[in-house]
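Protein chains in written order, with the working numbering: chain A, 195 to 662; chain B, 195 to 662.
Be aware that one or more of the hints could be misleading.
The list makes no distinction among identical chains, and a pair is therefore deemed to hold if it is satisfied within one copy or across any two copies.
Here are the computed lysine to aspartate or glutamate pairs in the EDC-like style, where the Cα-Cα straight-line distance is at most 16 Å [stated by the list, open to error]:
1) K449 x E520
2) K243 x E293
3) K445 x E520
4) K295 x E198
5) K661 x E293
I should point out that these hints are in silico values taken from the structure, not numbers from a laboratory.
Quantities reported herein were computed from a predicted structural model and do not represent experimental measurements.
Protein chains: 2
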Amino acid sequence: MKVEKARQYVVDSLKYALNPSSIAVVGASRYETKVGNKVVYELLKWGYKGKIYPVNPRANSVLGIKAFHTLKDIKEPVDLVFVAVPAHLVTEIVKEAVEIKAKVITIATSAFKEIGRGDLQNNITQYCRDHKLPLIGPNLVGMGSPYDNFNCGFIPYLPVKGPIAMISQSGANLLAALGTSQESHFGMSFFVGLGNKADVDFSEFIEYAGKDPHTKCLAIYIEGLDSPEAFVDSAKKVDKPIVVIKVGGSKIGVKAAFAHTASENPNADDYYDKIIKESGAIRATTWQEFLDVSLALGYQPPLKGDHIVMITNGGGAGLLSCDHFERSNLPLHELEEISPLLKQRIRAYMPMFGSPLNPVDISGTAGVIQYKGAFKQAFRDPNVDGVLGAICPTAVTDVPGVADAAIEVYNEYKDLGKPFIMICQGGQECSEAIQKLRDNGIPAYKTAEQAVNAMVALYKYGKKHFKK
Amino acid sequence: MKVEKARQYVVDSLKYALNPSSIAVVGASRYETKVGNKVVYELLKWGYKGKIYPVNPRANSVLGIKAFHTLKDIKEPVDLVFVAVPAHLVTEIVKEAVEIKAKVITIATSAFKEIGRGDLQNNITQYCRDHKLPLIGPNLVGMGSPYDNFNCGFIPYLPVKGPIAMISQSGANLLAALGTSQESHFGMSFFVGLGNKADVDFSEFIEYAGKDPHTKCLAIYIEGLDSPEAFVDSAKKVDKPIVVIKVGGSKIGVKAAFAHTASENPNADDYYDKIIKESGAIRATTWQEFLDVSLALGYQPPLKGDHIVMITNGGGAGLLSCDHFERSNLPLHELEEISPLLKQRIRAYMPMFGSPLNPVDISGTAGVIQYKGAFKQAFRDPNVDGVLGAICPTAVTDVPGVADAAIEVYNEYKDLGKPFIMICQGGQECSEAIQKLRDNGIPAYKTAEQAVNAMVALYKYGKKHFKK
Chain A
195 MKVEKARQYV VDSLKYALNP SSIAVVGASR YETKVGNKVV YELLKWGYKG KIYPVNPRAN
255 SVLGIKAFHT LKDIKEPVDL VFVAVPAHLV TEIVKEAVEI KAKVITIATS AFKEIGRGDL
315 QNNITQYCRD HKLPLIGPNL VGMGSPYDNF NCGFIPYLPV KGPIAMISQS GANLLAALGT
375 SQESHFGMSF FVGLGNKADV DFSEFIEYAG KDPHTKCLAI YIEGLDSPEA FVDSAKKVDK
435 PIVVIKVGGS KIGVKAAFAH TASENPNADD YYDKIIKESG AIRATTWQEF LDVSLALGYQ
495 PPLKGDHIVM ITNGGGAGLL SCDHFERSNL PLHELEEISP LLKQRIRAYM PMFGSPLNPV
555 DISGTAGVIQ YKGAFKQAFR DPNVDGVLGA ICPTAVTDVP GVADAAIEVY NEYKDLGKPF
615 IMICQGGQEC SEAIQKLRDN GIPAYKTAEQ AVNAMVALYK YGKKHFKK
Chain B
195 MKVEKARQYV VDSLKYALNP SSIAVVGASR YETKVGNKVV YELLKWGYKG KIYPVNPRAN
255 SVLGIKAFHT LKDIKEPVDL VFVAVPAHLV TEIVKEAVEI KAKVITIATS AFKEIGRGDL
315 QNNITQYCRD HKLPLIGPNL VGMGSPYDNF NCGFIPYLPV KGPIAMISQS GANLLAALGT
375 SQESHFGMSF FVGLGNKADV DFSEFIEYAG KDPHTKCLAI YIEGLDSPEA FVDSAKKVDK
435 PIVVIKVGGS KIGVKAAFAH TASENPNADD YYDKIIKESG AIRATTWQEF LDVSLALGYQ
495 PPLKGDHIVM ITNGGGAGLL SCDHFERSNL PLHELEEISP LLKQRIRAYM PMFGSPLNPV
555 DISGTAGVIQ YKGAFKQAFR DPNVDGVLGA ICPTAVTDVP GVADAAIEVY NEYKDLGKPF
615 IMICQGGQEC SEAIQKLRDN GIPAYKTAEQ AVNAMVALYK YGKKHFKK
């Protein structure tokens with residue numbers, strides 16, 4: 195249901211959704227295939243430190259924890275009520291949650307507006323609004339934060355710690371992002387699935403994320419906006435980069451988005467283009483770009499200008515990059531044009547058949563010394579705004595050594611505020627290098643085009659940021 | 195140097211480059227940091243079964259193998275001469291290779307045309323042509339085939355076995371593809387880096403791959419074509435799908451491509467568009483698309499029509515897919531339109547809040563039984579041309595179980611000739627499922643857009659294939 199703008203009481207309550215002292219799990223089953231069982235299991239597994247109150251009218255304990263027959267039986271303060279019971283039982287639970295003065299209610303249950311039960315959903319929502327109980331969902335997968343060992347939902351993994359707040363309307367895609375986080379070290383501050391977002395809306399999570407100290411970038415997946423004005427208003431207030439992917443713009447997608455999260459898309463996709471532009475957010479087209487760009491904006495400062503120097507041991511990665519920079523309307527400049535002095539200096543770190551153009555090809559024979567020297571020269575040069583490095587594993591390339599060198603140089607020069615991005619194209623050793631680079635704050639990617647998309651986003655955000 | 199069309203003596207000799215009985219490694223060093231040492235080391239490491247003759251004027255043995263001071267000292271037949279000595283020594287080696295009647299010579303050495311020594315390169319090439327000794331390179335990384343445990347070059351890994359012949363002008367990008375092959379089970383029949391392609395050209399490897407029994411799809415990375423007519427002529431002759439990525443089309447890329455592999459790009463990028471179109475090949479834009487599309491064309495039959503049914507347990511993956519299908523000018527049709535009967539039948543495998551639209555959302559609660567049932571119904575329906583499946587790991591999803599079910603159903607119905615592609619979006623368990631699916635001939639990808647690109651390529655190839 196529409197909100198005119200983010201409601202302060204909701205924004206203030208979201209801390210109870212993301213860092214509650216106590217949780218009641220309504221529908222906590224004793225049977226391990228059931229969602230209500232999984233929620234308790236995952237809370238325990240990932241080390242949630244607060245109190246857990248399983249609620250089940252037919253159980254005295256769930257997974258070894260004392261269970262309560264109703265919410266009202268708990269008799270202790272409950273911050274968060276997590277609901278995983280069939281839809282026809284939800285109204286009653288909501289009333290009890292109000293009665294026990296819960297701070298927030300999240301409803302995982304499906305089969306509301308997305309299958310035509312709009313009235314039921316609206317009635318529940320209105321009841322919550324009348325009683326100032328923020329409702330997250332229904333039809334959501336859950337939420338959590340790695341900083342609090344908090345994994346609340348039917349979610350198999352916690353992400354690794356990092357700067358990105360992931361606010362997603364889709365549960366499935368949120369889960370994909372969490373899996374990617376664990377596997378590829380895409381660091382998150384918190385995550386939440388909004389589902390049908392009957393009550394709590396994007397705007398309120400945006401304002402919460404704006405103040406969250408761990409969040410440096412907001413990554414938002416949208417299927418439909420009920421309250422575009424509130425979205426724009428809140429996004430403008432937040433002085434952190436926001437990346438948006440908006441799906442469901444295709445002809446069949448409009449119907450599918452409704453069936454999925456009851457999102458109504460009466461407007462064409464260019465309507466959303468305008469909204470997103472007005473909000474100051476950066477729009478990604480594909481899922482991969484969404485993740486890649488968010489990672490860069492979370493870890494790196496904005497780019498001040500377009501003097502980007504690329505240093506690579508493989509000409510191929512260089513070519514893929516400079517083509518993609520041009521395709522993205524941010525063509526690389528020749529090194530001669532950026533800094534003739536740097537062109538001379540960098541020659542010391544390449545064999546005679548290397549190329550000091552830009553991309554700077556220090557050749558497949560390059561070792562740690564060559565990389566370190568070339569990186570340092572590039573960072574030090576006052577005409578250089580950002581550095582893109584690429585590692586291609588030849589039989590003589592010390593991939594972990596070069597990754598360590600990149601981290602060392604980055605730590606030496608990061609106070610200069612020049613963005614640094616890496617490409618590690620190849621197999622397992624490159625995946626490991628990418629993890630390590632990311633753990634050290636350097637966005638690193640498998641392909642040239644991903645890294646270029648990331649750098650272009652830093653440039654776009656820079657244009658907004660430095661205009662202020 | 196230009197060829198009018200593929201030369202038969204070259205095509206016939208390429209088997210000696212990719213499956214030689216004996217190899218002389220000229221410049222085989224005793225020092226393990228040297229390229230010439232790595233070549234021998236990798237041959238041994240990956241289990242090459244033929245004879246290896248290290249050639250080094252100052253060594254009697256290299257890595258425990260008897261070494262020869264010159265090529266002429268070998269006194270046994272040599273199929274392949276692999277050269278890794280400085281550029282000024284190469285002319286002499288070429289003459290000796292002719293003298294000992296080697297079948298093919300490959301020159302890894304850099305510092306020829308790409309740094310302005312075009313005359314030296316041309317003289318060597320002309321000498322080889324005059325003596326009908328095919329020359330691969332110079333400035334190349336190597337070649338090999340997993341079917342013969344053959345890894346010849348400064349290449350740290352062999353790819354896994356599979357249907358894709360990778361013919362790359364860039365060494366670095368070839369290495370990236372080989373790393374991806376090992377890590378993500380991108381199966382290859384053989385691979386070769388052409389480098390400056392002074393003599394042996396794309397056309398000749400295309401014709402060789404056309405006849406190679408392991409090759410089902412050719413993946414070609416081009417920085418520049420010296421002989422576009424020969425390329426088109428050979429590509430047209432081959433009744434296998436060909437995927438091309440052409441780089442160096444950007445303003446700075448034209449210069450970088452020359453510095454990298456001495457590729458001359460006097461013509462704008464749309465010139466290459468025309469050439470590639472005329473050749474019947476499919477052009478990929480990004481590196482990721484290049485790999486993804488090649489994989490699909492290597493493993494799956496072409497798509498006969500646009501009746502694609504998507505089955506997913508996550509609405510988000512469905513939306514990303516249908517948007518990307520529309521963006522790619524191949525919009526999904528509603529299930530109602532494809533087959534009303536299938537729409538009814540498939541309902542049996544989803545809960546009431548699932549959606550039988552298309553994408554068919556069998557919901558996050560779907561287990562092996564639901565997937566298997568939905569897949570079977572889709573394959574069996576005569577109105578369905580292809581099936582796209584998606585797994586999103588919720589806390590109740592049995593990812594390995596669903597992958598196994600997909601493989602089982604695919605094996606049961608693959609004789610129907612309907613393409614099957616999978617999305618497994620998530621973390622480590624999805625990476626493992628992707629490996630297993632690929633090992634069983636099913637192209638599987640991490641993101642929706644990658645899978646859609648793959649399906650679209652099968653459709654494009656189908657339009658060409660079924661027109662015949």
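Hint-by-hint comparison with the structure:
no., hint, verdict
1, K449 x E520, "between (36 Å within a copy, 14 Å between copies)"
2, K243 x E293, "neither (25 Å within a copy, 78 Å between copies)"
3, K445 x E520, "between (31 Å within a copy, 8 Å between copies)"
4, K295 x E198, "neither (25 Å within a copy, 83 Å between copies)"
5, K661 x E293, "neither (50 Å within a copy, 70 Å between copies)"
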